[in-house]
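Chain residues, written in single-letter form:
Protein chains: 2
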Amino acid sequence: MGPSAQETQAQAPSTPADQPVRVAILGAGNVGGALVSLLLSDGDAIAARSGVRFEIAGVAVGDVSRARPGIPPELVTGDAKGLVSDPSVDVVVELIGGLDPARELVETALAARRPVVTANKELIAACGAQLADAAAASGVDLLYEAAVAGAIPIIRPLRESLAGERIRRVVGIVNGTTNFILSTMSEQGLPYAEALAEAQRLGFAERDPAADVDGHDAAAKAAILAALAFRCVVVGTDVPREGISSVDPVDIAFADRLGYVVKLLAVAERFDDGGDTDDGPEISVRVHPAMLPRTHPLAAVRGAFNAVFIEGAAAGELMLYGRGAGGLPTASAVLGDLIDAAHHLRAGTAARVVPRIAARIRPSDDLSCAWYLSIDVADRPGVLAAVAQVFGTHGVSIRSMEQVGLGDEARLIFLTHIARAGDVRRTIDGLRELDVVDRVGGVLRIVGDQDDG
Amino acid sequence: MGPSAQETQAQAPSTPADQPVRVAILGAGNVGGALVSLLLSDGDAIAARSGVRFEIAGVAVGDVSRARPGIPPELVTGDAKGLVSDPSVDVVVELIGGLDPARELVETALAARRPVVTANKELIAACGAQLADAAAASGVDLLYEAAVAGAIPIIRPLRESLAGERIRRVVGIVNGTTNFILSTMSEQGLPYAEALAEAQRLGFAERDPAADVDGHDAAAKAAILAALAFRCVVVGTDVPREGISSVDPVDIAFADRLGYVVKLLAVAERFDDGGDTDDGPEISVRVHPAMLPRTHPLAAVRGAFNAVFIEGAAAGELMLYGRGAGGLPTASAVLGDLIDAAHHLRAGTAARVVPRIAARIRPSDDLSCAWYLSIDVADRPGVLAAVAQVFGTHGVSIRSMEQVGLGDEARLIFLTHIARAGDVRRTIDGLRELDVVDRVGGVLRIVGDQDDG
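Keeping their order, the protein sequence lines are chains A and B. Residues 1 to 453 in the numbering used here are what the first sequence spells out, letter by letter. Residues 454 to 906 in the numbering used here are what the second sequence spells out, letter by letter.
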């Protein structure tokens, strides 16, 4: 028998089939409001389609004095803790976001043997393993389909459909804000700052865009995807990330001419080359902008859409695509989980526990791929030789080079063969020491080519 | 409480967590061979990832004398019935295909309270509702993720993730053979017969290609998708279908120039315009070639890949993409179901029963969309007026017309506004009666435009 936590899972509580399932909703923002509206206005259709009728036990908000159109005032409460502890509540939906007070409320609910559905990526990325253990100990569900890629079914396929699959790689466009900004830069030739302002104007970016553009949001989602894909523990803060603020429209234009698009990718990889050791397989989880061939299925994911591309040993290539954010799409994912939790409650069971496998993170410097580098140099004889020598010294092999005049200067655009990140880093350091090099501009990984290792 | 069959579901049998799950495999073709190889060579990794260890109880084949490389001879039996009735068997996997003897074997297994996993689209399309009832009566699983679109998780998302979603439309490219042929016609400008021959040469089409090119295979999958999307009973033989053998490369080239691609689509639609009556909503399920805008996510699905596009009221647009056929991808989907069945066996439960809602099929003539029509006419004055009058008589409004010279003849290419299929049919009949019309050539629906009703 393989490792399994089923044996330690407690017997779940159960609920009669003819009674409505009472839902406590924590948080009444975009997603909470949309969920309330779905449950209130579409309850008959939901019951007919799913076999479950829901009843809202209460909606906990931070500021009870604020008007909440569409939410009946008698449902609104400022006492989230009291709502979670209400003995008439069957399922708790956490839509507050962030760690505090969400974590404590979720822990309280699970300890009281109430299933929890959450859309909180930060919470799951920070302490998903501990919360999963708490849920298993109580024999109840902890479901979080809405935490990654909004309406797209991705958590359940990774947890269940692909439970037997040797997943090699998961590559996701999981942040709509950055994808909108990069799409706008590409399609309208705008610089980053203008595309960001446009995204803010249209409501696709927050006034403080750091969580999105610096890759924090994508890193949390990458951690969740990796943990499920490889059955291991990955914490959001462990995920190295590069944001998009240094992506130059010039590099996007070059990428286009070379047949690539630039996307912010959440990447989770598992390496089989060294064989699995007792410490488990080596994996890598990271977030960075990258160049993708225009023919790659992810390249067509434009604007605020999300998609997750999965490469499995038996399944081959899969892609799941859809709306990654927004009140209704996210509420739709929450509703799917709620129906799951309700069926499990009735059957007196819970979603299966995902086994955990040890894994080691491969050091970033040891990761290999092809690279794009743009280097501004003085336009005089011998410069290319000097630059090429630095590549050679660090074992980085050049696949192609193109020179573009810039007045007294020239820009050299290099594509490399597969090269270790550590070697490329040392190459860049070496280039910066050359008198003839003014600037190392865009440095982008190339992902998804046939030979990208 | 909405309608639900849960109450009538029997208590499921259960299996201890520390014992291997014994699997009877019926059929040892491409998929059966790949499944045996996965279970035998990857058993440790599957157990570590899923918490379940499988043991093959036997592999039933039609011809025991044939060599089966990779399948241990002691597992092979010619007695499928005996294998299904073996009391040591926990789960039955049916990979024979077709109705006879698959149906009887599956019924026998379910009656004996053994969960069944099948990849048999014909079987599920023909009698999925009866088999689901038999499974529910025994309290065991009937799982068929592999029956539609190979490795792509589509059955589980429709059954579970989207259980609460008002699905408006499901549009699938679910037959790899026809998609390969149409892609080849489009990319190489080949006529249908040559593209078919190329597909046969490469193993993407059978020697007798009728099941694929006439749309039978896609119709069975459309019935399964519609039944899950709309929670109703749809049988494969109820699905009107048009194949691809009359698609002309000239029409594909015109489509390309107009910004469209030609794809064979399985379409399931639910109409909310008339409101749901006591007889349930009106739906349409059908298979036909159609023109899709080049910017539609399905338009990029090339070669033997499959994809299913889903439009939900809350979820918005979703697309699930991947390998729709082949031994390993299909075996991967079977394995995901096997792991489900094993977990359910252990918990003494079964996959939830999908409620059934009554629905009426809207008559084909009442379906509306925009159309492409290519008409060969004599090249003389007054012809266009005569042709246009026929459109007008039948209430079909012309969006654009283009004339191409063909020697003494001319070809008229029409795009219409949204028009009822019945009106278009009468228009075509009327055109054929005109002396000046030599031939009504390509007639293609246009699907996926913003205004396609």
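Hints listed in this document are in silico derivations from the structure and should not be mistaken for laboratory results. Take the hints with a grain of salt, since some may be wrong.
[Stated by the list, open to error] Only part of the chain A face toward chain B is listed, based on derived beta-carbon distances under 7 Å:
(1) 151
(2) 153
(3) 335
(4) 339
(5) 343
(6) 417
In this text, a Cβ means the ideal position worked out from N, Cα and C, and glycines have one as well.
Satisfaction of the residue 339 (chain A) interface hint, Cβ to chain B closer than 7 Å: Because about 5 Å separates residue 339 (chain A) from the closest Cβ in chain B, which is inside the 7 Å limit, the hint holds.
Restraint check, 7 Å cut-off on beta carbons, for residue 151 (chain A) near chain B: Since the shortest Cβ distance to chain B is 4 Å, the answer is holds.
Satisfaction of the residue 335 (chain A) interface hint, Cβ to chain B closer than 7 Å: holds (4 Å)
Interface hint for residue 153 (chain A), Cβ within 7 Å of any Cβ on chain B: Cβ of residue 153 (chain A) sits 4 Å from chain B, so the hint holds.
Status of the residue 417 (chain A) interface restraint (C-beta, 7 Å, chain B): Result: violated, 27 Å to nearest chain B Cβ.
Proposed interface contact between residue 343 (chain A) and chain B, which counts if any beta carbon pair is under 7 Å: holds (5 Å)
Comparing the model with each numbered hint stated earlier shows that hint 6 is the single one that does not hold.
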